[in-house]
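Two chains, two separate frames, one set of hints: put the complex together.
Heads up: the sequence lines are chains A and B, in that order. So for the first sequence, numbering that gives the first Met the number 0 puts the first residue at 0; every next one is plus one. So for the second sequence, numbering that gives the first Met the number 0 puts the first residue at 0; every next one is plus one.
Hint data in this document are derived by calculation from the structure and do not stem from the laboratory. Cβ coordinates follow ideal geometry from the N, Cα and C atoms, glycine included.
Quick list of in silico lysine-lysine cross-link-like pairs, BS3-like style, CA-CA up to 27 Å:
| hint | chain 1 | residue 1 | chain 2 | residue 2 |
| --- | --- | --- | --- | --- |
| 1 | A | Lys220 | B | Lys388 |
| 2 | B | Lys389 | A | Lys220 |
| 3 | B | Lys255 | B | Lys324 |
| 4 | B | Lys402 | A | Lys12 |
| 5 | B | Lys402 | A | Lys346 |
Beyond 10 Å from chain B on every Cβ pair, some chain A residues (computed):
| hint | residue |
| --- | --- |
| 6 | Trp85 |
| 7 | Asn293 |
| 8 | Val303 |
| 9 | Leu331 |
| 10 | Leu342 |
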Amino acid sequence: MRIELERRAGVSKLFSILSPFIALGLTLIFGGIMFMMLGKDPIAALYSFFIEPLTEVWSLHELAIKAAPLILIAVGLSVCYRSNNWNIGAEGQFIMGAIAGSILPVVFYEWQSPLVLPLMMLLGMLGGALFAGIPAFLKAHLNTNEILTSLMLVYVAQLFLDWLVRGPWRNPGGMNFPETRTFDATAILPEMIASGRAHWGFGFAIIAAILVWFMMRYTLKGFEITVLGQSQRAGRFAGFSSRKMIWFSMLLSGALAGLAGIAEVSGAIQQLRPVISPGYGFTAIIVAFLGRLNPLGIVVAGLVLALTYLGGEAVQVSLQISDKPIRVFQGLLLFFVLSCDTLIHYKIRMMWYDLSETAGKGTR
Amino acid sequence: MAAEGQPANSLLLAVGQLTKLFGTFAACDGINLDIRPGEIHALLGENGAGKSTLVKMLFGVLAPSSGQIVWQGQPVRITSPSAARKLGIGMVFQHFSLFEALTVAENIALSMDPGVSLARIAKEASDLSHAYGLPLDPHAHVADLSVGERQRIEIVRALLQNPKLIILDEPTSVLTPQEADRLFETLNKLKAEGRSVLYISHRLEEVQRICDRATVLRHGKVTGACDPRQETPSSLARMMVGSDVAHVSAEGTSSKGAVKLEARHLSAVARTPFAVALKNICLKVHAGEVLAIAGVAGNGQGELFDALSGEYPVASDDVILISDKPVGTRGINARRLMGAGFVPEERHGHAAVSALSLSDNLILARSQSDRRAFLGGGPLGLIRQDAVKKAAKRISATMDVRKSGENPPAGSLSGGNLQKFIVGRELDRQPTVLIVNQPTWGVDAGAASRIRQALVDLAKSGSAVLVISQDLDEIFEVATEIAVISEGKLSDIYPASDLSREKIGLLMGGMYGKTETAETAHAH
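Chain B with its partners taken away, still in its complex shape (with noise of 0.2 Å):
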């Protein structure tokens, strides 16, 4: 099954049969698949559908349980990641592998040949990333870079082995339509020079945008193999999820009711060297609304949230307001009793514990706001399992949230449906503010869709949200109100319907055309 019509030995790949079973359930089910030398080919499907299972395989991270894989011709058993990579295949993961405490140069030459210096290595790196639009620097700790740089590193590391096939795991999932189209030429650029990429995405613009050719998987099987620019986005989107996707109704959420939310010139300095200084942020969000947020990863976003949610105080109490009462220096507990509810941009290790069940991942963020349901025993403090595990229950219910057993650890749930979950953890309480990082970044589209209209609907029921997110689509689909955030300034509000994709991405570049606010021409 290697080709339509083309002789096996010209492709770069052809996978056949293959299938991975996990105890009797099928990852994977007989899949077949080839890609050729020289092109962009898609890997379409929802969270949960295979993909990730197959790339594994393909990248030796997983031992497939039957099938084969033919690289350039001859079978082949990829048996580890560097057997990969001396093949020549190349991979950028959705979830970074990267040290956080090493620097970009010292990340890459862990998956080198040892016995090449590091300051070779970044020389390479620093030149490679320039020579493909994708600038870094090799001396900068990973954990001081935002997701979209670390994305990079991924991609040089990969392109470092000069591999002749790169997978790419949903690559755009964190840039902006810059930074995308920035990615996108460097994808022609590689395609131009005879290498493939496998490119996971659930983006359908994008891919029928510069795919070539598409494979669709769902619930581990392939459903179509097709040209994307011969479909609609709808009918790739019936391939994907076996039934069309919900449309994200924002109507009747315009009506402006009370300020709920309100930061006043809010500036906070940053914590660490490289994380953005918050300057003069004034917002308003009110009941009614959703105002979000759009701006290029790494501009202050994760810094807005801190001192929005109180995760990390002010020092002023009256900077940050919820529903008219001062709260800059309170903590986040306090906040959520006045009403408001946070979803972090990180899933795992900041809004969820991975190893923790989902009732426990409950409680981790309502252990306070929902004291009297949860916890008994007075100063002891004991939890009341069979309540939290009830709540949990009935979020999973409402959310649609799928996974395996009663109360699995958060870490076995794809990130669509622990995303669902981390959303449905706060609409359970109906919070009259909801501040949201990135809520469908990495997910599948049945759930983004989900989730958003959730959001949607939580402004209609008369709550104010704040939504920060990198993800134009999302800003479009969901906003009421607009702002963009560009080093750590916040740009003018303004109605959804007054702004284009164009005017949005001036913005970004800090091209505000800044007619100051009422308010700031009051201070001063």
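The following block holds chain A by itself, in its conformation from the complex (with noise of 0.2 Å):
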């Protein structure tokens, strides 16, 4: 028996939208069956990893908190794959525009000013851009493969947050904790609204999506990505430039990439630490995908995984697990979304029989 993928001739308009659906139903059923076989009751386990967190008004502010960064990454990767460069080091732009936009609130602690917010976002936007010029240059310049060049810079910027909080920008007064300075209350990102600790990263990621969601869907420049993604050749045709779009692509995502960096630090953390970030440029790949490209679905993705994240915390007070299940049960979730979104595309074959047999039978 053979099992072959066939492109369907039409694509079902009902089950393109049912499909996330029917993914995070399966995942309920088989994150259950997997609770259960832990000896866990399914349906307490379900409740505190999906709705508890959506239950309290403070829980929810912490899935905002999670989602900004993942959402306002992923956007800014979703027109990067979408025009076909394979930017994987949104991770390094997020340090570095953390780092970028953290010049003024460590180095130049004495200004205070209204000026120093807004200064910080446009410094961490521009170290994030600059980080992914890198390899932008290269595989514009040198055509060297983006993807290894940006993967490899996300451990140089690692390691430069790492020196930087341990060396040169350590708080003099920390007690020597690798940390620096804590911000100034004119450097920190304030709370969307009263009720809780969400920060303007959030209403950040929802406009980038909208405007990045605009562009793709009604202008020339949305067009162009699309056309360079699909066929360079097509695209030289229309008179655009490859060369433009990965330097376009390449900085547009460092650019949100970094200022989701820097309004994590001044909105959450609040100082430079060693580590900053627990992936979200890598989980924030997963988001781009899980949303389609599509920046308004990349909406709706980073709160899901920001939900995974949040009801894993939950459940391992709770039901007293470790952390594994949680990373098998955000791996059901990949798995189902990503098989529903194929099985709309093609439909499964099953050849029974056996073809050397048959072929064997035909000659002989």
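As structure tokens, this is what we get:
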């Protein structure tokens, strides 16, 4: 027997819409089975995984805080991936954005002004963009593979941050802990609403998603991105430059990752530490694809992935299980979403009988 | 329905009532076909007639909805290409299935049994290709090969499997007379060895020349089974199209106007190691004229198109002139704004993006030249979808583009219909200069004659038309002037009436008998 994927003649509109929900349903069923096999009550587990974080105001705020960087980064990445530029180094751009944005509150900490915060955000975007400019330059002019260069630069950024907070930027009054001084109140991104901690990073994420969605859907620039992603040759025929597109997409995604970095540091952590991200830049790649590279889909995907993080923490506490099943659970979700999407475009064809046998009968 | 008066087991292949449904649409509807050992059997039909669907079923790419396939007297189910190969069926597709980044030998190795060393495959492929008169360098990268050479890989790949039946899908649409002759010799050699060939084509002359029998399809049904030598081209065409094919008339295009497109000593270095450098190309196209450039595949046609279109601008401005203005360093959109239109050779992924809709593919070529009509919102560059869709609809109607649905993806159209759209997309602007590379390759007779007539009509209306083509029939149908490109050099330009096929054949071989043009003499 052999299994093959056969392209469907048409794509069902209904199932395109239903597919994420079917995937979610399947995840719940198989996740429930997994919890059962662990000897836990599946209903209770699923409840504290998926529902409980949504029942309290403070945890909704946490959800927004976690979702914000994921969405911001993933929106930028979607532009990259649509144009066939594979920026894997958003984690590094996130860190460099955080560092560049922190120059004002760490080095020029005595300057207090309403201008500080906007300047920090701009510097953050600039830092992320410049750091993404390195793989962009290497690809556009030296034809290197951006997957490798952008990924390797992540480790450069991480080590650079580590060196900064242990060395030149270490808080002189910080008992030798590897941290910078805490930011002044004027350098802290304010909360969006009074009820909790969620800062303006989430607002930035939503605004960025809407703007990029608008660009992709209605403008010639969006069209250019799509065309160059599908075929460089056709793009050249249209008069679009794939070299400029490398720069555009990498700088845009770098800037958004940098903004996410400084927003996270300024809004949530309020100082620099050796580790400022639990891997947002990498998780955002998953978010981008779960959202089907559509900025509005990415908002939903970012919230769902943030929920699995929160829910995961909640279950660890309430059910006393390790974080490993949580990773399995996230994996299940990804698996079902991607396979449901695949089955929209393809159908499975089973070939039951042995080919060599049939062929043999024919000739002998 | 195996064969007339023949015992079924003496047939190599018999197809009975074979049907393929896509939804409710019958791409093949009760097809009967039989192939005898050692014959060249033609499968004739326009694009969309069901030829490709039929051979895909024979080659195990598609599963039939009903009907049976009998191979050497045994009913078989061919469930995959590898099963087909095991039976002894080889296939050369019209759209080649080659990996561009791999070498010839590596591509061949992919379809062979694993475990055969690459060196041995390279050796065998090289030997076989020379034995059948289709020389190939097994270590060349596919990306650097011309269409004609790529086809050879496919043929050699099929032959290496030692097939009893070899299916060729429109093989000569990319070949020159000499190349085609060589292919026919190869086919006759195969026939002499007792192998059978299923030859898909819409070129009636060559079908009459080499095929023993023909089966004609139209709208998924067999409309005729005949001996092509007993038929006339027009009777075959009638079976294919269902009505008479319009004759292309080139009358009224000879009046010479002002020079609209000029190249002065155009040279360009090769961009890749295997590309062709352009050497000192001089040409002039006047208003009202169709200049056709003949040549064997891979002699710089693509490079010439790239330079003239501005996809790859050249170093100096005054080697290319459009309406007397130097444009050599300008990009393709600057040239479009000066009234030029372009149709590249490759439909999928160059002239059009297969996954995008027709209206999006219209923007592809005209986002700048029709900026005012198609874009709004100033610097935002908002695409006016309704205006674009209306224009796409207009073009489809003018060029009789047959499609499923209002605005389907370009990839869902047949080659001929997509090409009509791509040509129509340029004609719709009334360009003063039109440069077309291989206007009708892989296009059915009806669409080809329509496209050719449209090119002639454009010239008649006072535009300058440059046609780069490997198809001599096409060249003689549309051209008022002819030049030949060989190894990146262009011959002198001759009036079409002064050239014979033999003369062109000599020029293709680089035998110029070169008389320097007036301009060249001045420059020295």
